[in-house]
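Make a model of the complete structure from these sequences and hints.
Number of protein chains: 2
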Amino acid sequence: MNRILKPGDTIGILGGGQLARMIALAAAPLGLKAHIFAPEAGSPAFQVADAVTQAAYDDHAALEAFAKAVDVVTYEFENVPVDTAAFLAGHVPLHPGARALGITQDRLEEKTFVSRLGIETAPFAEVNDEAELEAALAEIGRPAVLKTRRFGYDGKGQVIIREGDDAAAAFAAIGRHPAILEGFVPFEREVSVVAARTEDGRFAAFEVTENEHRHHILYRSTVPADVSPAVAAVSAEIARRIGEALGYVGVFAVEMFLVVVEGTQGVIVNEIAPRVHNSGHWTLDGGETSQFEQHVRAIAGWPLGATERRGRVEMTNLIGDEADSWHAVLEEPGAHLHLYGKAEARPGRKMGHVTRIFAED
Amino acid sequence: MNRILKPGDTIGILGGGQLARMIALAAAPLGLKAHIFAPEAGSPAFQVADAVTQAAYDDHAALEAFAKAVDVVTYEFENVPVDTAAFLAGHVPLHPGARALGITQDRLEEKTFVSRLGIETAPFAEVNDEAELEAALAEIGRPAVLKTRRFGYDGKGQVIIREGDDAAAAFAAIGRHPAILEGFVPFEREVSVVAARTEDGRFAAFEVTENEHRHHILYRSTVPADVSPAVAAVSAEIARRIGEALGYVGVFAVEMFLVVVEGTQGVIVNEIAPRVHNSGHWTLDGGETSQFEQHVRAIAGWPLGATERRGRVEMTNLIGDEADSWHAVLEEPGAHLHLYGKAEARPGRKMGHVTRIFAED
Numbered sequence: 001m002n003r004i005l006k007p008g009d010t011i012g013i014l015g016g017g018q019l020a021r022m023i024a025l026a027a028a029p030l031g032l033k034a035h036i037f038a039p040e041a042g043s044p045a046f047q048v049a050d051a052v053t054q055a056a057y058d059d060h061a062a063l064e065a066f067a068k069a070v071d072v073v074t075y076e077f078e079n080v081p082v083d084t085a086a087f088l089a090g091h092v093p094l095h096p097g098a099r100a101l102g103i104t105q106d107r108l109e110e111k112t113f114v115s116r117l118g119i120e121t122a123p124f125a126e127v128n129d130e131a132e133l134e135a136a137l138a139e140i141g142r143p144a145v146l147k148t149r150r151f152g153y154d155g156k157g158q159v160i161i162r163e164g165d166d167a168a169a170a171f172a173a174i175g176r177h178p179a180i181l182e183g184f185v186p187f188e189r190e191v192s193v194v195a196a197r198t199e200d201g202r203f204a205a206f207e208v209t210e211n212e213h214r215h216h217i218l219y220r221s222t223v224p225a226d227v228s229p230a231v232a233a234v235s236a237e238i239a240r241r242i243g244e245a246l247g248y249v250g251v252f253a254v255e256m257f258l259v260v261v262e263g264t265q266g267v268i269v270n271e272i273a274p275r276v277h278n279s280g281h282w283t284l285d286g287g288e289t290s291q292f293e294q295h296v297r298a299i300a301g302w303p304l305g306a307t308e309r310r311g312r313v314e315m316t317n318l319i320g321d322e323a324d325s326w327h328a329v330l331e332e333p334g335a336h337l338h339l340y341g342k343a344e345a346r347p348g349r350k351m352g353h354v355t356r357i358f359a360e361d
Numbered sequence: 001m002n003r004i005l006k007p008g009d010t011i012g013i014l015g016g017g018q019l020a021r022m023i024a025l026a027a028a029p030l031g032l033k034a035h036i037f038a039p040e041a042g043s044p045a046f047q048v049a050d051a052v053t054q055a056a057y058d059d060h061a062a063l064e065a066f067a068k069a070v071d072v073v074t075y076e077f078e079n080v081p082v083d084t085a086a087f088l089a090g091h092v093p094l095h096p097g098a099r100a101l102g103i104t105q106d107r108l109e110e111k112t113f114v115s116r117l118g119i120e121t122a123p124f125a126e127v128n129d130e131a132e133l134e135a136a137l138a139e140i141g142r143p144a145v146l147k148t149r150r151f152g153y154d155g156k157g158q159v160i161i162r163e164g165d166d167a168a169a170a171f172a173a174i175g176r177h178p179a180i181l182e183g184f185v186p187f188e189r190e191v192s193v194v195a196a197r198t199e200d201g202r203f204a205a206f207e208v209t210e211n212e213h214r215h216h217i218l219y220r221s222t223v224p225a226d227v228s229p230a231v232a233a234v235s236a237e238i239a240r241r242i243g244e245a246l247g248y249v250g251v252f253a254v255e256m257f258l259v260v261v262e263g264t265q266g267v268i269v270n271e272i273a274p275r276v277h278n279s280g281h282w283t284l285d286g287g288e289t290s291q292f293e294q295h296v297r298a299i300a301g302w303p304l305g306a307t308e309r310r311g312r313v314e315m316t317n318l319i320g321d322e323a324d325s326w327h328a329v330l331e332e333p334g335a336h337l338h339l340y341g342k343a344e345a346r347p348g349r350k351m352g353h354v355t356r357i358f359a360e361d
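Protein chains in written order, with the UniProt record's numbering: chain C, 1 to 361; chain P, 1 to 361.
Keep in mind that the hints are not guaranteed to be accurate.
All copies of an identical chain are treated as equivalent in the list; a pair is satisfied when it fits inside any one copy or across any two copies.
What the hints assert, rightly or not - As a list, the in silico DMTMM-like pairs of lysine to aspartate or glutamate whose alpha-carbon atoms are at most 20 Å apart:
#1 Lys6 <-> Asp71
#2 Lys6 <-> Glu332
#3 Lys6 <-> Asp50
#4 Lys156 <-> Glu255
Honestly, the hints are just simulated from the structure, not real lab data. Since the model is a prediction, treat every value here as computed from it, not as a measurement.
Encoded structure:
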């Protein structure tokens, strides 16, 4: 279902966290209103939205009223229940659509989809029981990573199986859920491409970004990434092909491993995120258009914005009590503070981020 | 009354128009909530605020509840009723304060204040009746501008008196309100300085901006202005001294006429606006810190942000149906659209603006 929005229209957003909040903040200068649908009281996005529905994702009455009140629906997280997405899509345009959600919610489906496009991934195999796990380990070797097919994020729902580790214990550790075993990729660095696609096939990618994780959570992104021009071009082309094959509408991220084989850099796709992405936060101050504005433009059926960079950019997450440094950030010339309006700074919780723009080397 | 805010605190804003809206949008990334107090249903700022009070400015019960719900109060327009300001200031810090409001609400007080600082203004005289007007005209000469002392903006409440014009008719035209007669300044251009001051006396000015008006409404601002380095320095110094003398807290604008006497540029102060200002909108994309973020930092008692410019910047207002060009603006690389969420595009109504950033010449 297609619809081109006009100023004054309303974007419905499922989820009330920082990504929804930053989408809402980007929608306003474009003349669009935001309506947030989230179950949690005090959701950060509620603070900046024109309208709010606090309800469960399976509350069909609330979903129906929400669908009637908005002109398009998008979401900030890939684990939108399939039923919720299907119900909404019956009433109002849903971007990104059910196909993108279905594939990216399942690691096995996702890896299969990517490799069928002829794009390299880690070797992988389906695991439904101990016997399949043993067979997969024999094929893929150790170390390998066992991951639940669904509902994993920030390192949750996965376990590394090394030489000597008990496979059955590893399967138990992830709750014996349907899983995927992935070969361990000896990568140099992690990179990502954040890109946008419109319903009529226009595409624009931000520059490939280099990402540093700590404790499985993104710690820092830097642009430009230290990659060869060939890798930069290939990464963008991979994103374009994935977007095309998904019939994708909106902003998405492709997380990749940078590998070096015989001195030559290459990339292996790790994961697709069907949403704005932490590794694209640098675009808020460092890009000509932010990923959030780009997402709004894409789902509105509007022209995509310019993706140029304003300098060398570094984005650092503020995790847990790191957000206590807010005053020091405000004192630092050229640093831009982004706090998410969360009341409680729990360990591991993303409380905000800082972007720093430097003159090009 | 001083209070240093912390993330999670709430800024109360009187007025629900585009300036309040852009202050609220700037407060969010700093972790602050916005509570808008405005009488008009459907106020643009309501769309992006955490909380809203729709009530009259003389509704003391509503004002008291508002004051209790917020940590500081600011405003988007200088015509805040004195009673409203005084009532709020008795409950919660009000920035800018009563002194700045009192002086800037009255053109005669304002001109007197500025000229007592030894800063040049147009020649002016108090006018309360026809006899005073005739005396003032005899002293100042024609052409001259007769303005109501209070409640004028965008060219409203003023009339030019030229050779042969009937003085009594001019006085009648402005409703025989207490007035000020100002000498006509043969200016080359109009410029302004937007600056911020904190309660403890820190000060930061954005670069002097050149402003082009059409039909008494700002049409375009450009930075850098075509002024001499001496004028640039003097303009910032004028703003600093005015801020200091007012004990000002927050962002304010000083509108000035650029005059050329015997080949040398000079400035004459025309008006002080005790608020964020249309001629500072270019800072939203063109400045390292926007005037809106700067205002929030100042009233929060926080460090002021960097005032560097990101290139040559042009800000163009979208007045009335000019906002219909929104789609063309979105198609233009490097143009940034800012719509104000107003439902109806009446003639002369500020509907939005566009900033364009160009590489430095």
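Structure-based check of each hint:
{"no.": "1", "hint": "Lys6 <-> Asp71", "in the structure": "within (10 Å within a copy, 36 Å between copies)"}
{"no.": "2", "hint": "Lys6 <-> Glu332", "in the structure": "between (39 Å within a copy, 17 Å between copies)"}
{"no.": "3", "hint": "Lys6 <-> Asp50", "in the structure": "within (16 Å within a copy, 24 Å between copies)"}
{"no.": "4", "hint": "Lys156 <-> Glu255", "in the structure": "within (16 Å within a copy, 57 Å between copies)"}
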